[in-house]
Every structure is written in C-alpha cells, then in structure tokens.
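J.: Chain residues, written in single-letter form:
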Amino acid sequence: METAFYDFLYLVSIVLFIVGLKRLSSPDTARNGNLIAATGMGLAIIISLIYPMNSGSNNYGWVAGGMVVGSAIGYTAARRVKMTAMPEMVSLFNGLGGACAMMISLVEFYNYPANMSLLNGAIFTTLFALFIGSISFTGSLVAYGKLEGFLRDSLVLPAPKIVNVVLLLAILILGGYILSLPDLDFTLVLVFLMLSLFYGITFVTPIGGGDMPVVISLLNSFTGIGAALAGLIYGNQVMLVGGILVGASGTILTILMCQAMNRSLFNVIVGGFSSQGGAGGDGREEIVREATPSDLAIELKYANKVMVVPGYGLAVAQAQHVVHELESMLEEEGVNFMYAIHPVAGRMPGHMNVLLAEADVDYPKLLELENANKEMPSTDVVLVIGANDVVNPAAKEDTSSPIYGMPILDVELAKNVVVLKRSMSTGYAGIQNPLFFGEKTRMLFGDAKASLNKLKEEVDQA
Amino acid sequence: MEELISFISDNLLMIYILVFAIFLGMEVISKVPTVLHTPLMSGANAISGVVVIGAVLLIRQASADDYLVLTLGFLGIALAMINVVGGYAVTDRMLDMFKKKKKS
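If you read the sequences in order, they're chains A and B. Numbering that gives the first Met the number 0 applies: residue 0 is where the first sequence begins, and numbers increase by one. Numbering that gives the first Met the number 0 applies: residue 0 is where the second sequence begins, and numbers increase by one.
Warning: the hint list may mix true and false statements.
Stated by the list, open to error - Derived Cβ-Cβ restraints for the label pairs, each shown as a range: (1) A:291 x B:29: 45 to 51 Å; (2) B:1 x A:53: 23 to 29 Å; (3) B:18 x A:79: 38 to 44 Å.
What the hints contain is simulated information worked out from the structure, not anything from laboratory work. In this text, all values refer to a predicted model and were calculated from it rather than measured experimentally. All C-beta atoms, glycine included, are put in the ideal place defined by N, C-alpha and C.
Just chain B, with the same shape it has in the complex (with noise of 0.2 Å):
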C-alpha cells in the first residue's frame, strides 16, 4: 500500500495529464459524422503508434551486446512503424476521395 501511494506521489504530474487527456480526448471528438468515422478511426489508430517512442527508447537504453533486447526492440519499432506509416498512408489515401472533383 505504501507503494503505491509513493508511486502516486512520485507521478502526481502524470495521473494529472493522464486525467486530462481522457476528458480532452471525449471533447475533441465528441461530435463526429457518420461518414468520418472510418478514417477517424484509422487516423487516431496512427496516432496511437506513438508507443514506437518506447521502443525508440527501449533500444537506445539497452547495451549494444544484449541482443535479446536488441531484438525484441527491433521488431517492437518496425511493428509499430507498419502501423504509423501504413495508417497514416491509408487514412490520407481515404480522405483523398472526399475532396470536392471539379467538373471537367
């Protein structure tokens, strides 16, 4: 018990952020159109391959010799670059349909 109260005390900041962002992630979208909601969820699925920052992290706070980490490290970072890239790519290849055709 007394753990986890020095654990809460020791990221006080980030119970914080982290309550924040919950509420600033309901309002941000809390109204969207039915036809946005595909992409919406494609282009928030990039968003959350922001864990390859760990896996960046990861690697560079492991020794060079210690390639199990090395590894697991590697695929983590090329596991979630597929998905930064590939959503990223996909979601601009889906809003690209929407925009307005000029009548030739």
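Bound-form chain A, shown alone (with noise of 0.2 Å):
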C-alpha cells in the first residue's frame, strides 16, 4: 500500500503541470509558470527514482549517468544558443524527446515475454508509441536541419504526396501483421521502425518557409502523444497526463497558428509554400528605386510618424539593438516610432517580439497586425527591414499566389515606404514582392546592421 503515497506525490506533480501550462499562455505569468511546471517535472522525476519496485535490481548508477550527461548538454546548450535560433532548438529538444518515447518502446518489445498473444491492447498502445516516437524524433531532426540551414528547402523528394501515402499505408498494413501473428516477430518490429523513422523524413521534408513553425508545433504534440502512450504502457498516470495536456495544448496552437496565416492544417501538411514557390511574378522587369542613407535620414527626423516592419533578415543580422539606438535617437527628435509586429514575424508567432525584447524595445511600442494598419495612412515613413513575406501585396491581390488569403501589413498605404534588403531575393515563401516595384517603395540595400549604422550616422549630422 505504500505505493498510494507515490501515487498521491505523483498527483501533485499533475497539479503543477496543469497549473505551470495554464499560467504560460499569459504573459504575466509566463515565467513563474514555467517554474511551476518545471518543479512538478523535478518531482515526478524524484518520484520515479524512488517508487518502490518489485523487481528489477535498480542501476542507479545508471540512470544517474544518464541523468548528469543529459542536464549537462541540455543546459549547456540552452545557455549557448542565440535568441535568433530559438525555433530550430526547440525543435531539436522535441526530437530527442520522441527518440526517448521511440527507445523505450522498442525496449518493451525486446523485453516482450514469449509465447504470448499478441492481439491485446497493451502492444498495440506499444506500436503505436514507437510509430509516434520515431516519426517525431526524425521529423524534428529534420526540421532542424531546415531552419539550421543545412538542409535546403528546394529538397524534395520526388513525388512527395505518393511515397507519403504509399509508406503510411505500409506501416498500417505491416502494423496490423504484426498485431495477428502468433508470435512477436522483433525482426518485423525492427523494420517497422525503419519504415516509421524514414515516414517522418518524408512527411517534413516537402515542408517548408513559413510552414515550419505550425509542423515543429504539431511535431510537438505528437511527441506529447508519445509520452502519454508510454504512460499508458507502465500505467503511470504524470506521464499519460503530462503527455497528452502537451498533445492537446501543441494540437490548438498548431491551429491558431494557421489561422494566423489563414491556411487549414491540411493545406499546410499537403502542399506546402516551397512545392508551389515561385510561380507568381516571375519574369518582372519593372524597375526598383533605390533611397541613400542621407536622404532617408532627413526624411526620417522630419517625420512625425515612423514605423518598423521587422522580419527574420533584422535578426539574423543581429540589428534590433541598432535599430533601438535609432528609435531613441528619433524618439529625441520628436518622432513617434513604432514598431508593426506582423503575428509570422521571424521565424516562429511570437519570435519578433522576443528578439525586440533583448534589444529592450519598450512593449507598448510594438503594434499588432491590426492595430498597425490602422496606423498606416498616417505614417510618414515605413521601413521594411528584413521582412518579406508579410508586407507582401500578393497575399490580398494574387489569388494564384501561394500565400494568397494570409493577412498582411498593409504597408502600402503609409505615405513612404523604404525596404531594407541586402538583394532582390525572395523571402522566405520563395515568391517576389510587387511591393518593391510600387510607386511610393524605395530599396536600400545592404546588410541590415550597416544600414542601420548609416542612417544613424546621417541622422547624427542631419
């Protein structure tokens, strides 16, 4: 009976989670939440060390080992990484996540007694752990790997659509044979695997640009799915609930993510920006007007209201903090200066206003999509810097565009609108802007940071 007291502690641990998640999603509270959840994990941790055991001969030394080697690397990489890599870590930390779902499964059925039925809930829930584990671990990598860079987004496989169809069915087919043979067959299990690690390479890899962010949320869920599985497995109830309150949680803000982009779910997981890229606009020869650093300063002091769009081209350049600069310098001067915050900005909703956050830009400062466009015709001079995808009048105009539908900042009806861009490259959807050939657009090309510093030189003078 002893038991029941770990069992209790384990309810408490629950009670953490749920209350650490509730208090996540305000941002208020975001940050003690995320303690809360954390203490709850540390002592469902502690619990399981200590639960009391049949049998087994424990291997402590074992699971401590594991224990400091992954804290170890784990916070040694939280601390390391740059606030503009944010989405390609969280996506690697899923993967492992799904790798240990993936693990423990296989190790059930490695430990599988002989000679026993094999159609019973108990394998099925096992299989099916391992499917979700393995598609979530190679996913992610993959998903990584396209946000790293290393990967390019052009990679497809070819006829993506039929070898995601074909292998799916293939693994359901050869999941059901295993479940009604008379015996577990490992070597079967084994391919099974295979083919579900592999299934999770070709279910990413069509996907990509503004995509990424709804799959690394749905891969998250899944790997949630994947806790609560193996919960289910050892019937440990923190893990079925830890897992699933993730799964639940990453499967809604999987959707309010595309609604942010006004696309369905399946538009995105089916044909993603990158398989159509490049249709629209090609083949322009309109011709672009270029702004100097001095004439957009003066236009910048003079002016009574300046707003920024930022993208993911400011913060690989690392240019929040140089833009902040300019807004002091500006805010000095007189000038009202705010900053339009598109919901896709950077690489993740919600990204930008991290990166804006270090560069200590004040939080009132920072426009909603909504509330941005109301300020547009008002505002003197827009920059664009980075950003393509979200000012891009395509999305309203161009129905054969492939972001056709997502809400956009209406940059277009400011009185002046200056681009910063390195070159007339595409963004991120891979689709060209006709903002940049508009009437009112200037570009000023060059890395971000050094126009930046430019114009707060000119400004200096002016």
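Starting from two chains that each stand alone, build the complex the way the hints lay out.
T.: Now the structure itself:
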C-alpha cells in the first residue's frame, strides 16, 4: 500500500503541470508558470527514482549517469543558443524527447515474454508509441536541419505525396500484420521502426518556408502523444496526463498558428509554400528605385510618425539593438516611432517580440497586425527591415499566389515605404514581392545592421 | 477482440484520465496571445520530456547484467533530460526578456 503515497505525489506534480501550463499562456505569469511546470517535472522525476519496485536491480548508477550527461548537454545548449536560433533549438529538443519515447517502446518489445498473445491493447499501444516517437524524432531533425540551413527548402523527394501515402499504408499494414502474428517477430518490429523513421523524414521534407513553425508545433504535440502512450504502457498517470496536456495544447497551438496565416492544417501538410514557390511574379522587368542613407535620414528626422516592420533579416543581422538606438535618437527629435509586428514575423509566432524585447524595446511600442494597419495611412515612413512575405500585397491581390489569403501589413498605405534588404532575392516563401516595384517604395540595399548604422550616423549629422 | 475489450476494462481508469486530460489541455491554452506562442511551445515541449520517467522505470526494472537494455535506457534518459533541462532553460531565457525593464 505504500505505492499509494507515491501515486498521490504523482498527482501533485500533475497539478503543477496544469497550473504551470495555464500560467504560461498569459504574459504576466508566464515565467512563473515555467518554473512551476519545472518544479512539477523535478518532483515527478524524484518520485520515479524512489518508487517501490517489485523486481529489477534499480541500476541507479546508469540512471544517474544518463541524468547527469543529459542535463549537462541540455543546460549548456540552452545557455549558448542565440535567440535567433530558438526555433531550431526547440525543434531539436523536441526530437530528442521523441527519440526517448521510441527507445522505450523498442525495449518494451525486446523484453516482451515469448508465447503471449499479441493481439492486445498493450502491444497496440507500444507499436503506436514506437510509430509516433519515430516520426517525431526524424521529423524534428529534418525541421532542425531546414531551419539551421544545412537542409535546403528546395530539397524535395520525388512525388512526395505518393511516397507519403504509400509509406503510411505500408506502416499500417505491417503494424496490423505484427499484431496478427501468433508470436512476436522482433525483426518485423525493427522493419516497422525503420519505416516509421523514414516516414518522419518524408513527412516533413516537402514542407518548408513559413509553414515550418506549424510543423514544429505539430511534431511537438506528437512527442506529447508519444509520452502519453508510453505512460499507458507503464500505467503511469504523470506521463499520461503530462503527455496528453502537451499533445492537446500543441494541437490547439498548431491550429492557432494556421489561423494566423489563414491556412488550414491540411493545406500546410499536403501542399507547402515551397512546392509551389516561385510561381507568380517572375519575369518582371520593372525598375526599382534606390534610397540613399542621407536622404532617408533627413526624411526620418522630420517625420511625425515612423513605423518599423521587422523581419527575419533583421534578426539574422542582429540589428535589433541598432534599431532600438535609432528609435531613441529619433524620439529625441520628437518622432513617433513604432513597430508593426506581424503574427508570423521572425521564424515563429511571437519570435520577433522576443528578439525586440532582447534589445530593450518598450512593449507598448509593438503594435499587432490590426492596430498597425490602422496606423499605416497616417505614417510618414515605413521601414521594412528584412521582411518579405508579411508585407507582400500578392496575399491580397494575386489568387494564384501561394500566400494568397494570408493577412499582411498594409505598408503601401503609408506615405513612404523604404525596404532594407540585402538584394532583390525572394523571401522565405520564395515568391517575388510586387511591393518592391511600387510607386512609393524605395530600396536600401545592404546588410540590415550596416545600413542602419549608416542611417544612424546620418541622422546624427543631419 | 476479446483481448481488446479486456484491455479496455483493465485500463478503464487510465482511459478516463486520458479523455479528461485532452479536454483539459485544450481548455488550458484556448486563448493564448501570439506573443507567447514560441515560449509556450518551448515550455510545453519541456513537459513532453516527462517521458524520461518511463526510461527511469525501464532501467530500474532491468537486471544488472542486461547491458542492451541498460545502454538503451541510459540513452533514453540522457536524450529526454536534454529535452527537459534544455527546454525549461530556453523557455526561461525567452521569458526573462518579457519582464518589465526599469528605466535607469
């Protein structure tokens, strides 16, 4: 009966998870929520270490070794990662969690006693956990590779849709066959594992561009489900509830992100930006106008209202600090300086807010899409820094465009638009932007940080 | 079929918990501002590292000379701990930036 005491403590950590997650969804309490969830995790791990066992020899040395190695790697990675590289880090961490679920289910199969009927819920659950864990593992690795840049978005397997359907069918049939056998065939389980791992790759590879965050969120909820299934195998409530909380909240988050881009989840999975990218707008021979830093400096200094549209280009150039300095300089001149934040600016929803917060930008200066658009007509100069797709009017006008229907920032309503950009290359979605050829638009080519520094000097002298 | 039914009846309580947890999870974050999507994703990700408990139980149940299971379990614990510790640390770093700055 002493297990009841430990089971009760497990309940405490479940409550901590729920409270933590709840607090994570509101800006004022988020940090505290994260700490509460972490406490719940710590408690759950401690209980699992002291939970009374009927058999086995505890092997605490191995447990401690794994904990120390994993914690050290995780902590170091988390400390060192740059804020701009956050999405790929989250994806990588997630993949490792999936790998753990996969490994547990594999060992379960390995330990499975011979001559037992296979057609039962336990084997089904283990097989399902193996499947979900594997997809989450390789899928997250592919997502990591794409965001990190060593896997190109253009890398597409031949006929991805057909390959995916065939693979999925093969996995289902093989799974059914394994369940129907009189005896467990471990070799077949290994084949099942290989197919699932490969499916994770083919599932994520065709998806790219702005859809990446959605995929990461989806894989995140997969890992949660994997953890929950593993919990079902062990009859462990913390794993079950913790995993399902992540699975369910991850699914909601995925849907919310899709809504922010006005796309359905189905649309994201079967037909990514990248597969149709480059369709509209090519072959244009329109002329773009260039801006000079000195002219622009004067314009900014005497403007009433300036709005910055930050994008991933700003983040990679680490230019958020320089923008903030420019902001302070212009504010002293009496300029009303604001930031227009598109929901999917950066590489993940909310990513841009994190980056600007890092540079000490005041929170009230960050306008969300709708409010920003209301301010546009009365704005004198809009500075688009390293953003492409979130200001692309094709989303409103061109029904053939892959981003058609996505809400965008209406920068063309402002009196002047200046786009800071390295070159005329296309953005993440791989499509040309008619805005660049607009009447009110001028381009300032170069690295965002260098351009902004020059601009700052000119403002100082003007 | 009989086995499936007996599995359901054996685990009925777990299945109840499962269903309630799904609704709870959806309810808990049904209204979250865009600003918090990334930290929330990362924080939830850390919670999914709860799978480490499975790896711990697995190793503890193994006999001391079952090196294959011990090695796989060790790997499982290490991987999941990277997810847990890294996930919470990264989320904390992100959220640290949201705290209100004092004007100096």
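J.: The structure should be examined with respect to each hint, and the outcome stated for every one.
T.: A quick look at each hint next to the structure:
1. At roughly 50 Å, the beta carbons of residue 291 of chain A and residue 29 of chain B sit within the given window of 45 to 51 Å.
2. Our hint of 23 to 29 Å for residue 1 of chain B and residue 53 of chain A holds, since their Cβ atoms are close to 27 Å apart.
3. Under the hint 38 to 44 Å, the C-beta atoms of residue 18 of chain B and residue 79 of chain A, about 41 Å apart, fit the expected range.
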